[in-house]
Amino acid sequence: MSQNFIVSPSPHVHSGNSVSKCMYGVLIALIPAFLVSLYCFGIGALVVTLTSVLACVLFEYLIQKYLLKVKPSICDGSAILTGVLLAFNVPSNLPIWIIIIGALVAIGIGKMTFGGLGNNIFNPALVGRVFLLISFPVQMTTWPVPDPLSMNYLDAETAATPLGLMKQGLSVEAMTTDMLLGNIGGSLGEISAIALLIGFAYMLIRRIITWHIPVSILVTAFVFSFLVNGFDVEGAFQQLLLGGMMLGAIFMATDYVTSPMTPRGMIIYGIGIGLLTIIIRRYGAYPEGMSFAILIMNAATPLINKYVKPKRFGEVKK
Amino acid sequence: MLKTFRIGGVHPPENKLSAGQAIKTAELPKQAVIMLSQHIGAPAQAVVAKGDKVKVGTLLAQAGGFVSANIHSSVSGTVAKIDTAVDVAGFQRPAIYIDVEGDEWEESIDRSETLVKECNLDSKAIVERIKEAGIVGLGGATFPAHVKLTPPPGATATILIINAVECEPYLTADHQLMMEKGAEILVGTELLRKAINVERAVIGIENNKPDAIAHMKELAAAYPTIEICPLKVKYPQGGEKQLIDAVIRRQVPSGGLPIATGAVVQNVGTAFAVYEAVQKNKPLFERIVTVTGKSLAHPSNLKVRVGTPLCQLIDACGGLPEDTEKVISGGPMMGKAVVSTDTPTTKGCSGVLIIRDLESRRKEMTACIRCAKCIAACPMGLAPNTLMNATDHKDWERVEKEHVMDCIECGSCSFTCPAHRPLLDYVRMGKARVGAIIRSRNAK
Chain V
1 MSQNFIVSPS PHVHSGNSVS KCMYGVLIAL IPAFLVSLYC FGIGALVVTL
51 TSVLACVLFE YLIQKYLLKV KPSICDGSAI LTGVLLAFNV PSNLPIWIII
101 IGALVAIGIG KMTFGGLGNN IFNPALVGRV FLLISFPVQM TTWPVPDPLS
151 MNYLDAETAA TPLGLMKQGL SVEAMTTDML LGNIGGSLGE ISAIALLIGF
201 AYMLIRRIIT WHIPVSILVT AFVFSFLVNG FDVEGAFQQL LLGGMMLGAI
251 FMATDYVTSP MTPRGMIIYG IGIGLLTIII RRYGAYPEGM SFAILIMNAA
301 TPLINKYVKP KRFGEVKK
Chain G
319 MLKTFRIGGV HPPENKLSAG QAIKTAELPK QAVIMLSQHI GAPAQAVVAK
369 GDKVKVGTLL AQAGGFVSAN IHSSVSGTVA KIDTAVDVAG FQRPAIYIDV
419 EGDEWEESID RSETLVKECN LDSKAIVERI KEAGIVGLGG ATFPAHVKLT
469 PPPGATATIL IINAVECEPY LTADHQLMME KGAEILVGTE LLRKAINVER
519 AVIGIENNKP DAIAHMKELA AAYPTIEICP LKVKYPQGGE KQLIDAVIRR
569 QVPSGGLPIA TGAVVQNVGT AFAVYEAVQK NKPLFERIVT VTGKSLAHPS
619 NLKVRVGTPL CQLIDACGGL PEDTEKVISG GPMMGKAVVS TDTPTTKGCS
669 GVLIIRDLES RRKEMTACIR CAKCIAACPM GLAPNTLMNA TDHKDWERVE
719 KEHVMDCIEC GSCSFTCPAH RPLLDYVRMG KARVGAIIRS RNAK
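Read top to bottom, the protein sequences are chains V and G. Per our numbering, the very first residue in the first sequence carries number 1; after that it's consecutive. Per our numbering, the very first residue in the second sequence carries number 319; after that it's consecutive.
You can take every hint at face value.
In silico contact screen, one side only, chain V against chain G (beta carbon under 8 Å); selected entries:
| id | residue |
| --- | --- |
| 1 | F5 |
| 2 | I6 |
| 3 | P9 |
| 4 | S18 |
| 5 | N119 |
Note that these hints are calculated values from the structure, not bench results. Computed from a predicted model, the values in this text were never measured in an experiment. Using N, Cα and C, we set each Cβ at its ideal position, and we do this for glycine too.
Starting from the given sequences, assemble the full structure and let the hints guide the process.
Okay, structure coming up:
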């Protein structure tokens with residue numbers, strides 16, 4: 001009797017997880033932060049995010065189809081995620097044409113030149129963001145003040161961010177509670193620590209990421225800023241709530257492709273980011289150092305992966 | 319806190335469809351096909367010839383070396399031919415074909431159901447009986463039982479661990495055996511404990527079988543030497559190394575034998591077979607097989623004579639559904655997909671799993687996104703993605719350096735990979751190649 005069975009090696013079942021489920025999971029985790037930015041920055045947040053997502057997806061499609069000549073994989077959600085993260089890292093009054101340039105750099109240079117998803121060394125959204133920061137320093141550091149459900153986009157009222165004020169040695173009026181809720185100036189997605197932490201909890205429950213990277217970044221940044229900023233507990237705590245610290249630690253540094261693969265490697269990477277961020281904030285020329293810190297540690301990731309191996313079962317000490 | 323192993327692990331859906339189904343006896347086949355290689359090690363050597371009359375329990379083939387096992391007839395009748403048959407892995411292997419006539423057992427076998435507790439044999443005699451009966455590890459690895467019960471010089475056993483974890487999804491054979499033959503299993507455990515001269519035996523059962531845990535605890539109350547140890551559900555806890563780690567918190571050193579930790583592990587089905595062999599003088603020629611699958615009409619636990627073709631077991635459970643695309647001997651994580659349902663049952667066959675068309679196909683593989691889920695899942699603490707890449711590049715030196723030989727082939731990496739990468743396929747390839755390189759290096 002001839003039977004046409006499929007014969008394949010074990011395992012014969014799969015968890016059902018997929019790359020797109022991971023990507024959409026992160027997108028779901030970003031919803032609380034997006035809602036806060038919609039409330040605080042109004043129409044600007046919507047315009048910037050939509051533009052960024054559409055541009056990223058379009059550039060990925062065009063590059064894959066006409067330059068790399070491979071089957072476009074825009075449905076896996078990674079380009080959408082890059083778009084959202086890029087938008088979350090810029091002010092909500094950024095002109096559309098600048099966002100499109102950022103998206104082109106993020107997808108084209110940050111991701112596709114390396115061979116697409118899985119091969120890039122640097123976080124694409126941060127490559128785009130840092131490119132814009134260096135190329136358009138004025139537009140990229142003109143922060144709109146929160147104005148609930150505002151319909152102003154380009155002509156929104158602006159002010160310096162708390163971190164910028166601290167850098168100039170001025171006193172910060174914002175309260176810690178404002179920083180938790182998001183009632184401060186800043187990039188689109190970074191303002192509310194609580195919304196970002198809700199996303200973090202969601203990703204932990206869904207097992208999309210592990211705790212290692214965010215916790216090691218935040219603990220290192222807290223301890224180090226406590227030490228260098230005159231043993232001020234509240235000041236050190238505010239360092240965690242301000243700028244892109246939460247957004248970076250939870251969503252940017254944890255990018256699968258550009259972060260180390262072993263728990264021990266993740267902790268080394270997290271400590272590096274925490275230290276570099278506070279060093280840049282305290283001693284560097286920029287008020288904010290999260291993006292640079294993550295990109296620098298992205299560069300160190302292959303080295304970490306090479307030398308930090310997982311803890312083996314029954315390891316024989318030599 | 320329930321005990322479990324410390325590194326890696328995954329949680330595949332349990333799908334224990336046949337749980338609680340009483341063990342039914344499968345019908346005798348018309349012709350039994352008895353493979354001569356039903357164990358790890360050298361194939362057995364046939365001691366019967368075409369035309370010989372055999373009874374149930376007659377020795378058909380003698381162990382072909384130290385790591386090998388005797389094979390007995392599971393049926394009575396006439397030897398039709400000694401030829402080859404396709405085994406679960408799809409290879410032609412020597413087999414004895416027996417035309418079944420009636421069901422006549424060797425007189426030496428005690429067929430009564432009475433529980434025999436007393437045993438005056440010493441450890442050597444017990445091991446000898448186990449060896450004579452051709453008992454192999456019934457969890458699926460089919461390692462000859464007497465070999466494990468004879469620790470190499472210099473090694474001393476300190477504890478016996480009975481593996482009643484049954485961490486493979488779908489399978490319920492061990493679970494049901496405990497519910498129905500618990501008293502016999504405990505006697506078998508005592509015999510195994512005596513065979514290796516240790517003071518303590520632990521039966522490890524995963525917590526998804528609370529009825530079995532309660533039942534065995536109640537029965538074991540009469541045995542001060544036997545402890546029932548509930549374990550947190552996690553695959554692959556039934557792996558020998560993982561179970562030792564879970565129960566006594568000791569890790570088998572990389573490249574070493576389990577006995578290095580002082581533990582000897584035997585499957586719960588093996589313990590029952592040991593009881594039957596030593597107390598009832600019954601060789602190993604039948605076992606419990608879980609026949610299951612989401613599309614199967616009646617998922618069941620069957621008592622099956624070795625040599626019965628799989629199709630007959632499937633027919634006994636409602637027949638092969640139309641939309642079947644894969645039939646697996648064993649469980650879904652480590653079982654083998656068979657070429658044909660004519661494949662005969664062997665001592666190591668713990669289950670027959672029917673998989674529907676949709677579930678049987680793998681999804682298209684995409685680029686690795688370095689999410690590290692395979693590293694987190696690997697119970698041996700390896701980096702499956704690195705092993706896959708190094709194998710792909712044929713960098714055998716690197717594959718060996720990354721400890722490919724430690725892999726237990728549990729499949730957790732492929733199971734968990736969101737990019738559907740066939741990690742274990744590559745790791746197996748690397749393992750086979752590096753194994754050959756190591757052997758040729760040692761031969762020099």
